[in-house]
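Novice: For reference, the chains in residue letters:
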Amino acid sequence: MAMFIRVEVDPQVAGQADLVKKLVEVCPVDIFATGQDGALAIVEQNLDECTLCDLCIQACPPGTVKVVKLYE
Amino acid sequence: MRFYEYEAKTLLRRYEVPLASFRVASTPEEAAATAGELGGTVVLKSQVLSGGRMKAGGVKFASSPQEARQAAAEILRLPISGQVPRSVLIEPKAPVAKEYYAGVIYNTLAKRPAIIFSDMGGIDIEEVAEQHPEHLTQATFSSLRPVSDYKMKEVVASLGITGNELTALTPILSRLARAFLAHGLTLAEINPLARLENGSFVCLDCHVDMDEDARDRQGALLQELGIGREETRQARPPTPFEIRGAQIDAQDTRGVAGRIVEFDGDLGLIIGAGGGSLTLFDAVRKYGGRAANYCEIGGNPSVSKACELTKLILSKPGVDKIAVMMNVVSNTRVDIVARGVIKGVVESGYDPAEKIAIFRIPGSWEGEGFKILRKYGVEYYDRSVSMDEAARRAVAKMQTV
Amino acid sequence: MSILIDENTTFIIQGITGREAVNVTRECLNYGAKVVGGVTPGRKGRDVYGVPVFDTVRQITERMRVDASVVTVPPAFAADAAMEAIEAGIKLIVIVTERMPRNETVQLIELADQYGARVIGPNCLGIISPHKSKVGGVGGPAEDTRKAYMPGPVGVLSRSGGMTTEIANTLTAAGLGQSTAISIGGDPIIGNTYADFMPLFEADPETRAIVIYSEPGGTMEAQLATYLREQKSRLPVVAFMAGRFMDQMPGMRFGHAGTIVEGKADTSAEKIRRMREAGISVAEEVSEIPRLVRERLG
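Residue numbers (our numbering), protein chains in the order written: chain F, 1 to 72; chain P, 1001 to 1401; chain Y, 2001 to 2298.
There could be a bad hint or two in this list.
Using 27 Å as the maximum straight-line C-alpha spacing, the simulated BS3-like pairs for lysine-lysine come out as follows [claimed, not checked]:
#1 P/Lys-1093 x P/Lys-1151
#2 F/Lys-21 x Y/Lys-2044
#3 F/Lys-66 x P/Lys-1371
If you want the footprint, here are the derived chain P segments under chain Y, 3+ residues with CB under 8 Å [said to hold, decoys possible]:
#4 1110 to 1116
#5 1135 to 1144
#6 1155 to 1165
#7 1204 to 1215
Ranges between beta-carbon positions, derived for each pair [said to hold, decoys possible]:
#8 Y/Pro-2041 x F/Glu-25: 17 to 23 Å
#9 P/Gly-1367 x Y/Arg-2291: 27 to 33 Å
#10 Y/Gln-2231 x P/Glu-1230: 31 to 37 Å
#11 Y/Met-2001 x P/Thr-1253: 52 to 58 Å
#12 Y/Thr-2056 x P/Thr-1232: 36 to 42 Å
#13 F/Gln-12 x Y/Gly-2175: 42 to 48 Å
If you are wondering where the hints come from, they were derived from the structure by calculation, not from laboratory data. Using N, Cα and C, we set each Cβ at its ideal position, and we do this for glycine too.
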């Protein structure tokens, strides 16, 4: 579905409630959501809306969140 | 947004502008019954959003219910400027001694509301302005203070009018001005404003336009008049393609990707923004291109909006290619538009390199945008190619197909 | 020199925490502009890229000198915000908001007149004096703005925000810089029209020519033509007219709210005729503008 952007989140971050909450809050285009079990869910149809603002990368420990440009 | 005459009169009645006791009928039978109740000779007027009703045969007189039925039947069948009448307005025929004109507009250079008055009513006011300027007068007034009677008195008196006429006309102008300010109107016009044989005044016809952008504030009035959200009241009704464009634009609040107007060419246009679209549409025409549509993209729309707009344009029969062009963008992002358009092309089942004749949007995030375009093999240009040159190349590509 | 704003201009942003306002704040700061505060009711104590946020305009004007305000609040609140800034004593009000009701625009302009304040817009992208400051989103991100604008002798006045930058960029590419460029607003009624800015450019020794971007609708081009004739202006004017196709489609609105052909006087053909009569050079396309400016500069 997503043609331009992929987001990779370290499984450790994806299971930490406080970081999940932060990611959901900071993303201006709602790429992150809280799944049923409280774990991180990626909203597939919003991925291509990513504005490359890097706020998700800044919200988590270095290297744990990666925004991949599929066109590079 | 133009009001029907019966809506305009309903509004003016609230401001105690003198009116004949008008009714509205939507069938010949209703018209006959109403004429019977009113008695005497009545006038029946087609309710369409256009001027020139008299000339078009949309205004008739009747001196009996039978005549009224016949007249209403003819009026209701008669489209005027392509519009089918919504109903007929019926009121007693007034014995007119003299006709005046009163209008309120904005003087856009003075940036104030202005009252215009003439003692030559019943004809087009632009004609009076050109041929009889000495019969026309106008003055601006405050939009912050309540409307003052003396302002209106000065205006009427400046044409040499005195006596009962002056004292009777003054409050009518004030009331018209109050209605104008209170309801976000851009035009409130009484023409003719008639002095009857008995010396009293009555508004025979009026024209009211409301500012599109005032609609939110005027919900109560619009509801009372029964004017729904979906009524755009543009110069012509929107086509299904245009309605779908408006829906796409409304799907989220991020930026504009719509304001579509349909044409019958083969080159789909994804262009922006306010001024850029006008410039590019001119350029496409100048080089002999046949545009399939006009549109505007601006304010940094979402990827999905640009994508849906692209899909809509590609779905239009006869569209061979699309040209994606804008002026140097400041807040709209090149990469976001590139993503949206390419996604729309791919989801429509086409190859972006084939389907996009040209992509010329320089500016904000262009580096990122150009990477995307290269990856999909789309012919793109930066700011070194002018808007006109981009349009010329897009049109040339259509001709070599 | 420049008009209206320079490197010392201090300004605030009303509605600073909104989606687009946050961008504008960052872009202005990166361009070196002095954004000294912002207002969003209920958000006092926060900051946007280091710019402190307050609840009211007076909370800022009581503390420091504020030369200008950029109003970027939703249409329903824009007139109120502008009036707050005017009554707090700010003399330059840049209204970015689009779709403001016209009766409210007129009211705030009348108030501004009473207070001796100048209103730019509504529906504009602001003002830029290249390499000195920009007040508003005009030009976009600082790095893009630097590509499109450079200092020089041309004043730019445009009814379209986007075309302000397109024209400046065309001039810059041809080696013609700008003294000040103003996106004057796309609405039918705006605080200042072309002619209203002319005395300021007239008084600025650096400015030696004016370029305007115009559209069908309204009479501000005719007003400019009259001004040039009556004032015997020293400044040559080059104009570009977009939307010529609209002459064939009266009553249809394209582009900005102010762009609609209602009578003969506001068609592009009639406007071009009047401008040429007043000695304005009318470009057939944007890329012609630099050549016409050079011709007129002599």
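Novice: All hints, please: hold or fail.
Specialist: Hint check:
no. : hint                                : verdict
1   : P/Lys-1093 x P/Lys-1151             : violated (32 Å)
2   : F/Lys-21 x Y/Lys-2044               : holds (24 Å)
3   : F/Lys-66 x P/Lys-1371               : holds (19 Å)
4   : 1110 to 1116                        : holds (count 3)
5   : 1135 to 1144                        : holds (count 3)
6   : 1155 to 1165                        : violated (count 0)
7   : 1204 to 1215                        : holds (count 4)
8   : Y/Pro-2041 x F/Glu-25: 17 to 23 Å   : holds (22 Å)
9   : P/Gly-1367 x Y/Arg-2291: 27 to 33 Å : holds (30 Å)
10  : Y/Gln-2231 x P/Glu-1230: 31 to 37 Å : violated (49 Å)
11  : Y/Met-2001 x P/Thr-1253: 52 to 58 Å : violated (41 Å)
12  : Y/Thr-2056 x P/Thr-1232: 36 to 42 Å : holds (39 Å)
13  : F/Gln-12 x Y/Gly-2175: 42 to 48 Å   : violated (56 Å)
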